[in-house]
Amino acid sequence: MTTSNLPPYPPIDPTTFDLIIIGTGLPASLISAASSAAGKSVLHLDPNPFYGSHFSSLSLPDISSFLNSHSAPPFNTHDENLTLTTRPLFSDVEISNFAPEILDQHLRKFNLDLSGPRVLFCADKSIDLMLKSGASQYVEFKSIDASFVGDGDGKLWSVPDSRATIFKDKTLSLLEKNQLMRFLKLVQGHLSNNESEESENGMKISAEDLESLFVEFLTKLKLPPKIKLIILYAIAMVDYDQENTEVRKGLLKTKDGIDRLALYIASVGRFQNALGALIYPIYGQGELAQAFCRCAAVKGCLYVLRMPVISLLKDEDSGSYKGVRLASGQDIFSQKLVLDPSFTVPGPLASAPCEQIQDSFQVLSLIDNKVKVARGICITKSSLKPDISNCLVFFPPRSLFPEQVTSIRVLQLSSNLAVCPLGMFVLYFSALCDEVNQGKKLLHTALNALLKLLVSGNAENSSTVQSEDTEHVKPTLLWSALYIQELTKGQIESVSSTPMPDGNLNYNDLLDATEKLFQNMYPNEEFFPETSEPENSEENAGLTLET
Amino acid sequence: MHGRPRKPSKPEDEAASAAKAQKLRALQSQFLHNHQNNIYTKEAVELSAKLLEINPESYTAWNYRKLAVQHYLSLTHSDSNPESLSSIFQEELTVVENALRQNFKSYGAWYHRKWVLSKGHSSINHELQLLDKFQKADSRNFHAWNYRRFVAPLMNRSEEDELKYTEDMICNNFSNYSAWHNRSVLLSNLLKKKADGFLLKEKVLPEEYEFVHQALFTDPDDQSGWFYHLWLLDQTVKVDSPLLVSSWPSHGYDLMLLGDSCPSSPFTSFHSDSGTFPLVLYFNHAVEGVNSSTVSVDCELNPIKDLIWKPLSENNSRTSQVWVTQLNFIDVEPKAYPVEVSLGHSQGIISSSGLHYNRSRFAFRVCVQPVEKGPAKRLGGDVMLWSDEKFHIYDAHSQESSPVISLDQLSVQNNHESTASEWRTKAIAKEIDHFRELLSPINCKIGKLTLARLLMAHDTMIFPSNKTQFKEVLELYSDLMKLDPSHVQYYKDEHSLVLLQQVTSSKESLLTHCFHYRNLTSSHTGNPICLRLNNLSLSRVGSFDKLLWVQMLDLSHNELQSIEGLEAMQLLSCLNLSNNVLSSFTALEPLRSLKSLKVLNISHNEIGAHSVDTTRYLCSSPLSHSAGSEWNPAKIINADTDMKSYWEAYLILKDLNLTQLDIVGNAIGDEKFKSFLIKVLHALKWLDGERLH
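Note that the protein sequences, when read in sequence, are chains A and B.
According to UniProt numbering, the residues represented by the first sequence are 1 to 547, in order.
According to UniProt numbering, the residues represented by the second sequence are 1 to 693, in order.
These are calculated hints, taken from the structure and not from any lab test.
By construction, the Cβ of each residue, glycine as well, lies at the ideal position given by its N, Cα and C atoms.
Hints may be right or wrong, so weigh each one.
[As the list claims (entries may be wrong)] Think about it this way: if two alpha-carbon atoms lie no more than 30 Å apart in a straight line, the pair counts; the simulated DSSO-like pairs of lysine-lysine are:
1. B:K654 - B:K310
2. B:K194 - A:K170
3. B:K114 - A:K168
4. A:K222 - B:K445
5. A:K168 - B:K654
6. B:K445 - A:K204
7. B:K310 - A:K125
8. A:K220 - B:K482
9. A:K185 - B:K654
10. A:K170 - B:K430
11. A:K168 - B:K194
12. A:K228 - B:K445
13. B:K164 - A:K385
14. A:K170 - A:K226
15. B:K136 - A:K125
16. A:K170 - B:K136
17. A:K168 - B:K310
18. B:K430 - B:K471
19. A:K222 - B:K193
20. B:K136 - A:K185
21. A:K168 - B:K201
22. B:K164 - A:K168
23. A:K204 - B:K654
24. A:K155 - B:K164
25. B:K445 - A:K185
[To be verified] Over 10 Å on every C-beta distance to chain A, these chain B residues come out as not near it, computed from the model:
26. A49
27. L67
28. T76
29. G108
30. H121
31. R157
32. N172
33. H213
34. D219
35. L233
36. G252
37. E422
38. M456
39. S583
40. E671
Only chain A is shown next, with the shape it has when bound in the complex (with noise of 0.2 Å):
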């Protein structure tokens, strides 16, 4: 992203705002919607042409030159005051392009997501903060159609995760349907009566039980290994292995594993129009960071794209931050200033009191900071599932190979989701890792296992190899780019930066710990109040679902 041939900006006015946010990923936007609405002034600036940074949907070449730019060498300019330092984000960012003829045409009809593979619970937070602040009016949402866990062979089995999907599933026996049912309703029962403080009908699950690893309490349920597969790794999500008894990490609790279902279950059937319990949102998740900014645009905020910001203005008697230089050299003043993940400041700069955030740092360091995102994007000309448009498909650990620790997850989407041309679908890929060697090693098992790889250039011929379980040849790949991401926590000092996209398929995390940035800098603020007009929850609850 060179910023010499930008055309000149006219100067802003004013000069002194509340807050400065630099980039409009999606944290970002929620601070810059949450802060407007709480009447601060805010001016949302952004190097970018376009919204959302990392959580932005792009098209084929930008995505591309995304990737490239964002994992070049740091870079900084040189300037008197504390100089912006970029920081790569992305590495070993690796695009192939099978079939430059078919594609070329093509190029601007894409929506890539930089985040994904990414999808909205119907009951997750994400969705009630786009209620209450409003953005949601600015956002459509479809339906995931299903879900499967994929083995090694390439054959998927589909996920059923709730009465209607049990009963439709053909793949678990009778006695399987009725012991997954059966553990989903105990799961129903214990949510129901926690609520209600009394134990009815000894539905509820003993205080012992929920500090017990929940792998340990499947398995004392007796529930049979596909069904506990198909709990941990597709309903609640688990990232790492569960039961490899070396690896011990991120091993989760019976009471987390309960919320975890809790907000599936909760999800299924919340909107009537949505098929089961995932949806998403149409032209791709960087809708999501654009429809906050929106807000915050609604309520004063001000925003300056292809904006880049050069350096940060210290108050020379205290040696604390009081503005920020513009590439256009026009300096702008605040007090607060929340920077996108892709700069650090080198320098120091004297800092508020450091208790209290000491405290949020653990909250937000939750991640190792060794854990990288290994994330894949795959463009395919036909269906994982002949009938399915939209779907999720999880590997779970060492489903694929013996030494997969982690789950590997995959979200098809389809061109009735507006981000990609008619025919053709979108493939995300993304798996934790330690180091670059491994997160590939996930990345290509996964894509071998669903798609057909193509000796360059002969998309157009595919041979008929036909899978051994039916007739559906796999999709052939048309375009991938493969990269690993860095995960970088939030920081919260007197210049506070938001988090980059984590491993989850939700947003939940980040939101989180947005909230707790957003809480720092405005102790006395609430992020995002409740609006006072009755929304009318039951139907639909305002937000659009297109079936």
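Knowing the structure of chain A, use the given hints to seat chain B on it.
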């Protein structure tokens, strides 16, 4: 739409509804005025539309609109412009739609729509869309489903398509009773029509079982699937055509007709003073049309003519599961007479489902014994004592014949049936395996009940009966009594019936309940066999088809509230019902058909203990009672006070030739009642153990 709590109304809502009522009242009175004066002006009709929009439940208004339509039709008849015709009806459809928007469960509105469409002047293309809308709002709404059943044939939508639709609806949410129900209706039709792909039950039903299992196993607590399963079970087990289950005398039976004593075998002999004996036919369904032209009885090639067949049903209907006639062998030469009974040689025996009986025949032999001289001192002459020491276990080895000829007989018929229905047995066996599996980890009431029913259904299909199966069923019902106390009486009844089926299932088990009755004072008379089913905690009696031969029956010390079905046991001469919980004479109604009954013990019951007799409501009142042609209500009305207060007892007992009656230990058994009994029962010699003079 379901399971939503009703919220208390707010004051402003109440004010609004009061205002609405005010408005409605005004509209209503204006409308009634129009209606009464047959005013069908545009304004008047519009007023009714307005009324219906607010209150779709106003039936009068719907009827008024029908009259208005007819009025308009009579006016337009001359020019008969099809457009004006359809516009009249279109207007009605709009009114219905508005009314349904107000309340989509309004019977009147749906009915009006049917009425309009059945006139055939309006397009039906819009109807499915409308239904989709209502079924989306509430997928179980049975009004919409009902209407769907009406509209689908009108639209020439195939039943196969509709069946697929129910499948889709069930897949969306399988707790949809209406969808399951519609599925059963559609399948019945398709099977009946033998539509393409629905020719064979054995192809269709297993798939349906497979489908409903998904619901039952996913959520056994949801009842909708179980109802469908019950229907499927019925479809599997049901033998559509009427069959003769058993008879007395049965095929191959050697009947000793005794003018007097000395029976060669207590099981095959029958004593008749009059030289007549009953011929009993026991069918699998209630049938009608059993008469001398549909059933012929030939003796030594000469048909016995003009037999009068009587249906043995309590409700005096012309259909019955059991039919009886009296065969007469008076003044015939003592010798053996072969008798052949053939049924259905001319059509006329029809089950309630309209199916005809297929031809069949059976034969037995009647050996008429020479009448010996000397005073006939038999039952009734001496007092019959029901005490245990009078009974001696029947030792089958020491005897030549056995009572279970009739049982062996049954097996023959079952075999005949089984070849045709091997798939039924297989299907039921498969179901049994499935539900055993389901029940192994969980405790599910309806699952246990279904398993019990399946096991019993299976038992009727296989021979010989599986003894462990009975044990399992009895345990299931015992479990259910504990698990589900609110339905304990039902489980108890079922338990009793299964117990009796177990007892009658084999020769061995039946013989353990067969006893000799030995009366020391008259040891020279034969030792009649008594079937003792006492002390079994029975609350109901059944398996009569296998007990037609019984002449002495002990049902004492049970928990019987009713003896329904006992009328089939035409040979009964001694019956002990003491120490049960029979609460009225009406509960003894079946006794009226037992013409051979001589000894009856109904002591220690609760007859007369309940001032309000609930069983009475099942019977007709004394005034409307049509029991017996000779019955004259006026006789009771004009009779003395005793007759009036004891009309129930009179009705039951009047035609019986009881020689011995025990009534002690009932609330009704006071001296006054006793003297009434003596007056009514002319043949009575013993009352409560006392000899009458």
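Here is what the structure says about each hint:
no.: 1; hint: B:K654 - B:K310; result: holds, 19 Å
no.: 2; hint: B:K194 - A:K170; result: holds, 29 Å
no.: 3; hint: B:K114 - A:K168; result: violated, 35 Å
no.: 4; hint: A:K222 - B:K445; result: holds, 22 Å
no.: 5; hint: A:K168 - B:K654; result: violated, 64 Å
no.: 6; hint: B:K445 - A:K204; result: holds, 22 Å
no.: 7; hint: B:K310 - A:K125; result: violated, 77 Å
no.: 8; hint: A:K220 - B:K482; result: holds, 29 Å
no.: 9; hint: A:K185 - B:K654; result: violated, 62 Å
no.: 10; hint: A:K170 - B:K430; result: holds, 19 Å
no.: 11; hint: A:K168 - B:K194; result: holds, 28 Å
no.: 12; hint: A:K228 - B:K445; result: holds, 28 Å
no.: 13; hint: B:K164 - A:K385; result: holds, 23 Å
no.: 14; hint: A:K170 - A:K226; result: holds, 14 Å
no.: 15; hint: B:K136 - A:K125; result: holds, 28 Å
no.: 16; hint: A:K170 - B:K136; result: holds, 26 Å
no.: 17; hint: A:K168 - B:K310; result: violated, 54 Å
no.: 18; hint: B:K430 - B:K471; result: holds, 19 Å
no.: 19; hint: A:K222 - B:K193; result: violated, 48 Å
no.: 20; hint: B:K136 - A:K185; result: holds, 26 Å
no.: 21; hint: A:K168 - B:K201; result: holds, 24 Å
no.: 22; hint: B:K164 - A:K168; result: holds, 14 Å
no.: 23; hint: A:K204 - B:K654; result: violated, 65 Å
no.: 24; hint: A:K155 - B:K164; result: holds, 28 Å
no.: 25; hint: B:K445 - A:K185; result: holds, 18 Å
no.: 26; hint: A49; result: holds, 28 Å
no.: 27; hint: L67; result: holds, 40 Å
no.: 28; hint: T76; result: holds, 44 Å
no.: 29; hint: G108; result: holds, 28 Å
no.: 30; hint: H121; result: holds, 35 Å
no.: 31; hint: R157; result: holds, 24 Å
no.: 32; hint: N172; result: violated, 6 Å
no.: 33; hint: H213; result: violated, 6 Å
no.: 34; hint: D219; result: violated, 6 Å
no.: 35; hint: L233; result: holds, 17 Å
no.: 36; hint: G252; result: holds, 47 Å
no.: 37; hint: E422; result: holds, 24 Å
no.: 38; hint: M456; result: holds, 23 Å
no.: 39; hint: S583; result: holds, 38 Å
no.: 40; hint: E671; result: holds, 57 Å
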